[in-house]
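J.: Going line by line, the protein sequences match chains A, B and C.
In short: position in the first sequence from 1, add 16, done, that's the working numbering.
In short: position in the second sequence from 1, add 77, done, that's the working numbering.
In short: position in the third sequence from 1, add 12, done, that's the working numbering.
Because the hints were derived from the structure by calculation, they are not lab data.
Possibly wrong hints are sitting among the right ones.
[Unchecked claim] Within a straight-line C-alpha distance of at most 25 Å, the following computed PhoX-like cross-link-like pairs (lysine-lysine) qualify:
1) K345/A <-> K360/A
2) K393/A <-> K265/A
3) K173/A <-> K265/A
4) K207/A <-> K173/A
5) K171/C <-> K199/B
6) K386/B <-> K103/A
Quick caveat: nothing in here was measured; it's all calculated off a predicted structure.
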Amino acid sequence: MHSIRMALLLLCMAAAAHAQALAGGDIKVGGIFDLTGITSDVGKSFAQGVRDGVQWTNENGGINGKKIRLIDVDYGYKIPEAVAAYKRMVGDEHVIMINGWGTGDTEGLKAQVNQDKVPYLSASFSGHLTDPSKTPYNFFVAPSYSDQLRAWLRWVKDDWKDKSRNPKVAFFYGDNAYGKSPIEAGRRYSKEIGIDLVDEEIVPGAFQDATSQLLNMKQKGADYAYINVTTTGVSTILRDAKKLGLATKFGSNPYGFSEALPQVAKEAAEGVTGVMPHVPFGEKVAGMKRLVDFHQKNHPNDTHDALYVRGWTYVLVWTEALKRADKAKALTGEGVKAALETFKEFDVGGLTEPVTYTSTDHRPSTKTPIYQVKGGKLVKVAEYEMPRKPEWLGL
Amino acid sequence: MRSGEFHTSYRVDMAIFETARARWILTAFLVVLFVLPIFGSSYWLDVLNRAAIAVIAAMGLNILTGFTGQISLGNAAFMAIGAYTTAWLANRGLPFVIVIPVAGITAALAGMVFGVPSLRLKGLYLAMATLAAHFIVEFAVTHWDSVTGGVAGTSVPFPSLFGFTLASDRALAFLILPACILHLWFAKNLFRTRVGKAFVAIRDHDISAEVMGVEVFRFKLLSFGVSSFYVGVAGSLLAYQARIISPENFPLSLAIDQLGMIIVGGLGSVLGSILGAVFLTVLTELLRLATGALSGTFPALIQLFAPLKLGVFGLTIVLFLIFEPDGLAAGWRRVRNYFRLYPFAY
Amino acid sequence: MEFFLQLVLNGLVVGSIYSLLALGFVIIYKSSGILNFAQGEFLLLGAYVFLAISSMHAPILAALLLTFAFSAILGIVLERVVLRPLIGEPIISVIMVTLGLSSVLRAIVQGIWGTDTRPLPTVFSLEPIQLGPLPIARGYLYSAVAVAVLLVILTAFFKYARPGIAMRATADSQQVALSMGISVRRIFALSWSIAAVVSAAGGVLLGTMRGGVDGSLAILGLKVLPVVIVGGLDSIGGAIVGGLLIGVLENLSGGYLDPVFGGGVKEVAPFVALVLILMIRPYGFFGKVRIERV
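Same shape as in the complex, but just chain A (with noise of 0.2 Å):
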């Protein structure tokens, strides 16, 4: 027994020698993403647009000639296995920054990324992570949730005719941070600008059925409803809805409405809404033709979405904070936070709004735009930009 544990836990040194060995002269960059987990519906989409980014960027000159490393992992949505994933990039690889993925996990490890000053780029737009006198070293590309429900929130205010009483809405969301994330911004904004939040309803990270839950709401009388769980639980919610025949419009987040979502509800997704801070896969935009000419030349047969549009902006902005800390000779974790909050207006191409990011708020913008489904296609019927109060920073 005792020589066949010295024998692997030898085995086992000798290959974390050699893995580190592997490294080089190149940026390293961390990954941590969802591609088998709950989430892995819009997860995979996102990475393969971070993973095509960086190609692009590696193939175009790099950071002022320096290569990019990205060292990926999937870490299915389970905390526990991004704490480790995390402890690995930052104490083994030593990553200068890392592109995050879920709410729950980023803002799990919000305190230690701050005290190992690595910023982290979630793609969880949780209002939780702007304020910077709490989470410094958090960032991301897209108004928060709490701002999108807001603009969802004006969009319901607009889209209401009947004069002579307001309008009812449900919330539902998932039993996780992720789900949780915008609600008492929800609540709070709700009663400012004059709607009744009827009810609240929570619904399991994995279901298959949301009729009971849709049932209490049915007693309740809403005529509107934002989903904040992923495309599949939406699907799930719509066609049930449809089933017990419900006349409640229904609203999404970004990672619950995106081009997949009409695939997988179909005539269940019709008149649905969503908030869409990024554009479509194919959209006009001056930025668009970068992703389809990579698209034609890499993968021509794959098709994309406006989550993997998500992921290249995600690396857009973070190699030209690379780009701008190179430059400064701050190739640090403290330059690149530093290089990232002199971003001012800082032009995506129009694959989303321009990013801003100073050192008192990481919100990079607050504009919104809300697209419908009509036809199975998505199309874009309002947009809304909330002000930058500060009692919402942080919120």
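Start from chain A and add chains B and C according to the hints.
T.: Just chains B and C now, kept in the frame of chain A:
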């Protein structure tokens, strides 16, 4: 060259180390084990710590399932109880010498509560009751926001003792490894005492044991208690090691994995718990390294790590059950006896 | 009142799928005494195989029959390769081997198809049928009818058909059955393939009702345990009643208690029921009481 074991007194028969050489080998191994954390990289220290925690948990489960024959799927729940107790107490500034035993005792009490069905249920039915216990505890943890932080989880400060903090994986190893050795030592000795033999009697034939005067229910409860204490301590150390705990740290698959560890290692054997836990923990890491290294050439492999881990675990369990039902410990003993008795066959 | 009825109705329909799953479990237990924790994975695999075949543009009926054929063969193969060597081993080994098997099957599905949702061809339109004041989804209705038909067929099979009677005989006592000339080996193979097919049917129904298959179908496997405990491990009638009961219980507790506890009650309610039944009537409502003799 030895030609077999010939014991001439009860004392020698009950001894843990059959020869002086075994004692020396173990001492040397322990020395190396304690020197290792000084040199290890932070990744492998993490693995070492997690393996040691798994060993403690597997040992606990083995006491209950391997030695006492009570099938339990509630391990993850007891680990959660130990971990959340630790988080709650540590966040109030208590030193780890108090926190860890208290966490263990809390888990032990919970274990005894969930052991009550064992009075009337056996086999599959007991497994079902413990499975239900898992879901009930999971529900409680997820919804008792004020104490557990709900789904977002709670963070755990470093273990401290009168101002002295263990602030890194390296330092934690010097807490976890001795704890592990201590628990294994206690377990080994437990089965030389009356209590341990009562456990084994219950496993082998509980009706006969009752007839012989072993108070079956009392010892079953005690077994649940001791086992859950071990698992609670493992959960407590996990809380310190992971720094952030949430319900996701304790899914049902954790309990199933631990059952797998003791099956692969060998039911009813202290050595089996060690081998099983280390084998499966290291296997996971080797898989991770393999998929990571090969993902340069085959990027799609990263996506396969999760199903691979699941599949290889399951396959290992199935293969061991078909071909080596008594586990690695039995295999090790066969190999050791072969070399010890060479060139004789027995 | 309407709320209550709607919940009950939904519960009955969802419960009918649970009954199918439980049936498979009970069939295997009844004939070979083995507890198959991989039953949920038979459902999962059935759903995905159906997806694979129908996405090759095969007509629905052909896809269905091919899926059933696949499941039948899978059942036979697994019984032969995995379970046969474990005859006579202690119960924990049998439980663990089926748990290991469930992991392997789940890993295979995840490895080949990934975890995202794959849409299935639309079999039922989403427009609900009105039963009085309550709308029911078409898919649910068809599923309930299909389950009822299957149950009638299976009950008749076990009562009147020779293989069915042979299976019941084997369940009672393998040695006596052998001495009567029944090939116990063939019975085992038959029971596993029937169980796999029944679960695959459940998977196909569930997939078509939801419009797609995804990895979350795997969690259904656990729900079968409260059902068979409530109904009785070796009772077919119990599996049916248990499935419906658990389905209704889930929906009622979800509908009335979720707002109180903030969600999650739906998932834990079947297990609370499980504990209660184990305390009061461990052998379920219809199971045979096992008496231990020294």
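J.: Quick one, are K393/A and K265/A close enough, alpha carbons at most 25 Å?
T.: 17 Å, holds
J.: Sort out whether K360/A lies within 25 Å of K345/A, counting only the CA atoms.
T.: With a Cα-Cα distance of about 20 Å, the restraint between K345/A and K360/A holds, given a limit of 25 Å.
J.: Between K171/C and K199/B, does the CA-CA distance stay at or below 25 Å?
T.: Distance ~31 Å between K171/C and K199/B Cα, so the pair is violated.
J.: Could you grab the alpha-carbon distance between K207/A and K173/A and see if it respects the 25 Å cut-off?
T.: 12 Å, holds
J.: Are the Cα positions of K386/B and K103/A separated by 25 Å at most?
T.: 20 Å, holds
J.: Does K265/A lie within 25 Å of K173/A when you go C-alpha to C-alpha?
T.: 13 Å, holds
In the structure shown, a violation is registered for the earlier hint numbered 5 alone.
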